[in-house]
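Chains W and U, in that order, are what the protein sequence lines are.
With numbering that gives the first Met the number 0, the residue at position 20 of the first sequence is 19, and numbering never jumps.
With numbering that gives the first Met the number 0, the residue at position 185 of the second sequence is 184, and numbering never jumps.
Just so you know, the hints here were simulated from the structure itself, not pulled from any lab data.
Among the clues, some could well be false.
What the hints assert, rightly or not - Pairs of lysine-lysine residues, derived as DSS-like cross-links and limited to a Cα-Cα distance of at most 25 Å, are as follows: (1) Lys222(U) / Lys76(W); (2) Lys233(W) / Lys75(U); (3) Lys74(W) / Lys82(U); (4) Lys100(W) / Lys415(U); (5) Lys117(W) / Lys162(W); (6) Lys120(U) / Lys50(W); (7) Lys82(U) / Lys106(W); (8) Lys222(U) / Lys274(W); (9) Lys117(W) / Lys76(W); (10) Lys75(U) / Lys106(W); (11) Lys220(W) / Lys100(W).
Said to hold, decoys possible - Stretch by stretch, here's where chain W covers chain U in the computed footprint (C-beta under 8 Å, at least three residues): (12) 201-212; (13) 328-334; (14) 356-367; (15) 411-424; (16) 436-450.
Glycine is no exception: its CB is placed at the ideal position from the N, C-alpha and C atoms.
Spelled out from the first residue to the last, the chains are:
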Amino acid sequence: MKTKSLIIVTLCAGIFALCAQAADKPTVGQIVEKANFTAYYQGANGRARVKMNIVDSQGRTRQREMTILRWDAPKPKQDENIPKNKEYFAGEQKFYVFFHKPADVDKMAFLVWKHLDKDDDRWLYLPNLDLVKRIAGSEKRTSFVGSDFFYEDISGRNIAYDKHELAETTKNYYILKSTPKEPKSVNFNYYKTWIHRKTFLVIKTEYYDQAGRAYRKYEAKAVKQIQGYWTVTKSRMTNLRTNRYTDVIYSTVKYDTGIPESVFSERYLRRPPTKYLEN
Amino acid sequence: MRTITTIFMAVLTLIVVPGFTQTLHASEEPALPAGLGESQTTPPLPAGLEIGEPELPPGLETEPAESQPQKTAEKKTFQEQVKDAGISGFLETRGGVRTQNDPHEKQASIGEARLQLEWQKDIDWLRIKFTGDFLYDQVDNHLSDIDLRRGRGWFDFREAWVGFSPLKWVDVKMGRQILTWGTGDLLFVNDQFPKDWQAFFTGRDLEYLKAPADAVKISAFSKLVDVDLVFSPLMNPGRFVSGRRLSYFNRNLGRLAGRDAITQDDLPSEWFSDAEYAARLSRKFGSYELAAYGFWGFYKNPEGFDMAKNKAFYPRLNTYGGSIRGPFWRGIANFEGAYYDSQQDRSGKDPLIPNSQVRLLWGYEMDLPQVARELTVGVQYYVEIMMNHEEYIRTLPPGAAAGDEARHVITLRVTKQLLNQNLAVGFFAYYSPTDNDAYIRPNIKYKIDDHWTVEVGGNVFIGQQPSTFFGQFRRNSNVYASLRYAF
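Bound conformation, chain W alone (with noise of 0.2 Å):
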């Protein structure tokens, strides 16, 4: 019976052993689900205040300001398709972004139902017309408010869209190249993300052309811990061929602001949510 039984522990302490050093070494799925889940998806919903710094070779900048919500679908409770090891649910998001600067788009609203499996929904409010614009979604790659970043930048490109494979792990990061899966409908070759191992932040992200130089460089250039999620509160997107570069300073940043979905709709396109978007 003893003996038996310092058989089952050694057994257990075996296996046990095993699967600590396997979370100690996350494959590249899990980093890249977590470090997407961390940028994107972290707490229930989210404001946050935004200003963006657009400087090109000569120094001259640009403003923007705006208030971003987030709300993100809740996890399905029973749903096949998520197997349940999936910690790091990332579903549909909706986005409302609300426009202070400058001038010539003050109190304009855009709107984003962002999916997962076909085009983003878009609607652009311009109050001077009262009008509800519709946007095509499909281009997803293209300037944000003329800034260095993409739309994709701002709502996450995704995680299926590229083969992630881990080139290094150092001290501090985790080092992905990841590849597209479709090589044509980008225009980035490849590109390498840093991501952070103890917050999984993704640090830098660096794009490479066809001649394997970087041509876009993304950086976290500060962070922070706010209601206990690891956040990035200024970053920066540089195109490596012009030197332009844009700072997003991400000013007051709330998570679980309890914003129900209803926001998220044609509605408070033409009435802002004025509760939701100041403090």
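Got chain W; can you put chain U on it based on the hints?
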């Protein structure tokens, strides 16, 4: 039992302890390379960049997280103080000339200086907004007498409303407001809210295509359907082409006319009996937006003629329609249709009042990244079908130009964004194969910086017949330029 507990404890230790030591270890990780915190202030971006490892950004190190110099309390500029008070607006000058002579109009098509002031504030549960335009106008010098209903004079109220939500699911907006619904692109089928075609044709900013309405809008929202009701106690006229600024085809004279024959119109003026009602039911099905519309009021332009008074008037009009809009292939497709029930000429026998019509519109818009970046193309096909065309022809005064049973219009929009979206080059064209006329709107807009915008554009009217919709404006073709400072 004991064995199980032992196993359990062993397992627990194995799980917890390594994890625990690991977190401990991680948090004790030595600080990052020296000099990291300080060097963070302004590292000049090396072109070409090293392939090396990025430094950790501030906030990820244990110690120097707060070493970043915090911004000292910013002193607000005058502009920021103005914005904080809820005030915004712009100052603009805009000038334009006809590209040909018009015997009935001035050579200048537009010449104005405009100051728009907007004040918006939420006070507790009440939302308030005022938008007023102060105007100096060289072309139609009617500056001294202000007519807010027709939008004449040195001041125009574009918005003056209060909004509130008496119930959680109800929004109310009362007062002077801009109202728009429907799916067309510079074509309106179910939107019977007032428009200012004169502003549109002379090259004012697009926002002036919409004229304000004095109304109460009540919107109720539910899972089943959203309902919008708009009540205007007194009919809201559009700002039509009367001859003051633009020459037009005068049906009585049977020729083009302008300042020599300014349209005299009889505005409905009885409060409540000359009221207007508009309604919309809308709902989303997935990505598709469906809507049904109804309108009970008047034609927005004085399309009827009263022989006895020798004045144009606004015949009564009801419209009923629907629309659908949603993604299709790589773009957005829409369809909208409406029946125009001309209340005062339902038989179609009165030649001085428009016949009832069916209006249909198909549209499609998409980006063309294959051709160029940030290039958008939109096409629309629009048709107006006259009911009782036989009656119309039979009762038409002898010698009058007869309209076709159906007027077909095709529109094309091409917009290209350049220079990081600071330069927009585009055109919008209407072409009617049945009227054999066209209207083309080229436009270039450049944002000099965050405040200044310069714009040049044109309004080109082409037509064989002076009686067709766009053909009648052929002497009004113009080019314009503007400079705006927005704050």
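Now the hints, each set against the structure:
Restraint check: the Cα-Cα separation between Lys222(U) and Lys76(W) comes to about 22 Å, which is no more than 25 Å; the hinted pair holds. Restraint check for Lys233(W) and Lys75(U): satisfied, since their Cα atoms lie roughly 22 Å apart, inside the 25 Å limit. A threshold of 25 Å between alpha carbons decides the hint, and for Lys74(W) with Lys82(U) the separation of about 41 Å lies outside it, so the pair is violated. With a C-alpha separation of about 23 Å, the suggested pairing of Lys100(W) with Lys415(U) holds against the 25 Å cut-off.
Proposed proximity of Lys117(W) and Lys162(W) is supported: the alpha carbons are some 19 Å apart, at most 25 Å. Straight-line distance between C-alpha atoms of Lys120(U) and Lys50(W) comes to about 22 Å, which keeps the hinted pair within the 25 Å bound. With a C-alpha separation of about 12 Å, the suggested pairing of Lys82(U) with Lys106(W) holds against the 25 Å cut-off. Only pairs whose Cα atoms come within 25 Å are accepted, and Lys222(U) paired with Lys274(W) is accepted, the gap being roughly 22 Å.
Our distance criterion of 25 Å between C-alpha atoms is met by Lys117(W) and Lys76(W), whose separation comes to about 22 Å. Proximity of Lys75(U) to Lys106(W) is assessed by CA-CA distance (about 21 Å); at most 25 Å being required, the pair is judged to hold. About 23 Å separates the Cα atoms of Lys220(W) and Lys100(W), which keeps this hinted pair within 25 Å; it holds. Only residues whose C-beta sits within less than 8 Å of a C-beta in chain W count toward coverage, and the segment 201-212 of chain U has 4 of them, enough to reach three; the restraint holds.
Only when three residues or more bring their CB closer than 8 Å to a CB of chain W does the claim for the segment 328-334 of chain U stand; here the count is 4, and the claim holds. Counting residues of the segment 356-367 of chain U whose CB lies closer than 8 Å to any CB of chain W gives 3, which reaches the minimum of 3, so the coverage claim holds. For the segment 411-424 of chain U, the stated coverage by chain W is satisfied: 3 residues place a CB nearer than 8 Å to a CB of that chain, which reaches the threshold of 3. Using a Cβ-Cβ cut-off of 8 Å, 4 residues of the segment 436-450 of chain U lie near chain W, which meets the minimum of three, so the contact claim holds.
Violated hint: 3 only; the structure is consistent with all others.
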